[in-house]
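Listed below, chain by chain, are the residues.
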Amino acid sequence: MAALLPCTHFSSAKFTFLPSSSSAITIPALRPLRPRLNHRRRLSLNSIRASVSTVDSPLASSTDGRDEKKKPLLQVTDLTAIIAESRQEIIKGVNLLVNEGEIHAIMGKNGSGKSTLSKVLVGHPDYEVTGGSVIFKGENLLEMEPEERSLAGLFMSFQSPVEIPGVNNIDFLQMAYNARRRQLGEPELGPIEFYAYIYPKLELVNMKTDFLNRNVNEGFSGGEKKRNEILQLAVLGADLAILDEIDSGLDVDALRDVAQAVNGILTSKNSVLMITHYRRLLEFIKPAFIHIMDLAWNIMNCCGFGMT
Amino acid sequence: MSVLSFTPHLHVHVSPILTPKPKPKPKLNKLRISSLQTFATPPPLPSFSDPFVLQLADSLEDSLPSSSQPLPLQKLRDFSSQTLLSTPWPSRKDEPFRFTDTSLIKSSLIEPVSHSAQFLDSLDVSGDTQFPNLIFIDGFLKESVLNLSNLPDGVYLGSLLRASDRIMERVSKFIGDFKWGDLFWSINGMGAPDLGVIYVPAGCKVEIPIYLKYFSVEGGNEESKKLPISNPRVFVLVEEGGEVGIVEEFVGKEGNACYWANPVLEVVIGGGGKVRHSYVQSQSLRAAHIKWTTVRQESSSTYELVEVSTGGKLSRHNVHVQQLGPETVTEVSTFHLSVTEQTQDLHSSLVFDYPRGYSRQLHKCIVAHPQGQAVFDGNVKVNRYAQQTDAGQLTRSLLLEPRATVNVKPNLQIIADDVKCSHGAAISDLEESQLFYFQARGIDLKTARKALVFSFGAEVIGRFPYPSVRKQAESHVKQLLETAYDSSS
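Going down the list, the protein sequences come from chains A and B. Here the first sequence stands for residues 1 to 308, where the numbers follow our numbering. Here the second sequence stands for residues 309 to 797, where the numbers follow our numbering.
The reader is advised that the hints may include incorrect statements.
[What the hints assert, rightly or not] Now the in silico label distances, taken between C-beta atoms and shown as ranges: (1) A:192 with B:776: 43 to 53 Å; (2) A:140 with B:561: 20 to 30 Å; (3) B:794 with A:209: 32 to 42 Å; (4) B:736 with A:187: 33 to 43 Å; (5) A:187 with B:457: 39 to 49 Å; (6) A:208 with B:710: 28 to 38 Å.
FYI, nobody ran anything at the bench for these hints, they're computed from the structure. Where is the CB? At the ideal position from N, CA and C, for every residue including glycine.
Bound conformation, chain A alone (with noise of 0.2 Å):
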């Protein structure tokens, strides 16, 4: 299995746990077959089956680094979505399960659908889900409109982010905090209120202040995007945070700056789901599972270890 290449790539490093045990991705035993499995996907089931039964019991007694107390936050069960105007299958039957404090690495090759899974679990509406179920803090996410995902807390940053012309940055971080506050029942704040908030978070990202008259996203350049999608991260806070090829475009200087950021910004309550081709930024956020997404299966295999 392509999977497993990635794993003994890193055994040679630290982790503890043998890849197989690692497979904690627990869902192939809890899920039943559905009827309209194509023959594929059959395959791909049959194949993971195959690869994590012998884990499915010891997975009980918390061999692999996972906490068998933590509380699951987001669950993929079975998740198959399409493209909305094509109606080509891009997702076809991922399963994840992240639980509190968890860092989680997905990789894998160019369209394997890894930025297409963390666009389907925000709302995008370019995609359609067909089939599965999502659930996050416990509640039916794909029932959810996008705002109310990200108010729910869950929070993506976008790989490449889209330019407003004419609406500010202080302005858009103000707009979007104070809806936040208002979901929580708390009084929104004032622009002055709102600077002094945000005024410690730039620090954190490494940004100037003039940072936040400029026009969101517009004339950013790559590495400014990126701190832009973490600075919103810091202001609005996450349950859970997608990072979207975060270390794509950026120089060893800046994807250190944006690492050290999301690690500052990580609690043992808050989970990161990190999309990425690249093991440096793994090297500055060091996830305890990373998932390969299979271009052919375009399954989710697991090769957790507790890089502690």
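Dock chain B against chain A, hints included.
Okay, now just chain B, sitting in the frame of chain A:
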């Protein structure tokens, strides 16, 4: 509009003309008149005369004071009355008025306003105390609220009547002769009771903006069909190397008054001079507002226009920029907003006759009402000797309601063979990807739409060089969009 309202929701005409058009048939008013001489020997009456225009011309003439006027103003009147009598009222069959219905004016009882000096003095109109300003009440210059103390020596601001001989002489050199004018230009020329003058001597840089405030006090209501007309006129002359910023503000006394403002602004910029022109039109939503701005630019001069037009039931801005020498810089940024049954029209024409001219034009409009309409005719003419001209034009329109209409006609006429010209036209609803970005950060769709619609215009509003003008326009546009949204949802 009946034709358009039966066609699909979007009715768009984009007809860029990249090849030279055959010359339009010469207008009768192309005739050059250089002195009073022509008045003594009136030209033969044209074969057609529009009774409606004749009647209007009569009533305008009657409304003017009979006392003798300074020569330049008299010259303007004579010139205008001649052309007026030979020009019929425009119909939808005339290309410049193909999408602009002027029947609102034609079906009303037009009454020229006449105010006495005492009446003007008695009006308490607060001008900006901080900046020097000229105030017009229904086209009449109210001189008592000038604030000239901050102006550098040699700068003149006021009525032509009180200008020095030298300024009078300079102004009269340029006045009257304008072959691109239309009927409305001539109506103003004939009906203008006074001429406001801004004169900036050579090399003088005026740091503070000069305000031109136009108030419409007289107004009828819809039942009475009365339409008081006012014809304010201002002439700006910036001599070589001079610089000035002017802010034009048009406001009505109350929200729903019917009146017709028919202003003209003429600008002449000497070599190396610079004029920053801000123009805010927030007339009553029942008013007709037809404005002319003509600019003549000598070599290496700069003209920057930023316009925000939101008022009027029928609003049209005719902008004509003419090169008088090489290496001119022209920047025109305009934003039109139609939130009710309004027509917002921009007819612009940039004419290049000399080498290395540079121009950038951005026109944006939002139509947020099913019976709202926006019209844009943007002509850029690069004539034979205007080599190495760099002209860029972009128009973007946002249609927010079904049946909302926009007619855009960007057209380039290029004769020179070594030029860089671009134009673009886009008509759309809001961008999905931008809306989603807001939603992904927890902002609901309605708030996101509002912010994006506002930001569409903010690109132009942000170009006002003066913060106070910018802020005022921002809050005004925000308020209009807010009410438009509340009424539609």
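The hints, checked one at a time:
no.	hint	verdict
1	A:192 with B:776: 43 to 53 Å	21 Å, violated
2	A:140 with B:561: 20 to 30 Å	57 Å, violated
3	B:794 with A:209: 32 to 42 Å	35 Å, holds
4	B:736 with A:187: 33 to 43 Å	37 Å, holds
5	A:187 with B:457: 39 to 49 Å	47 Å, holds
6	A:208 with B:710: 28 to 38 Å	45 Å, violated
Hints 1, 2, 6, counting from the list given before, are not met by this structure.
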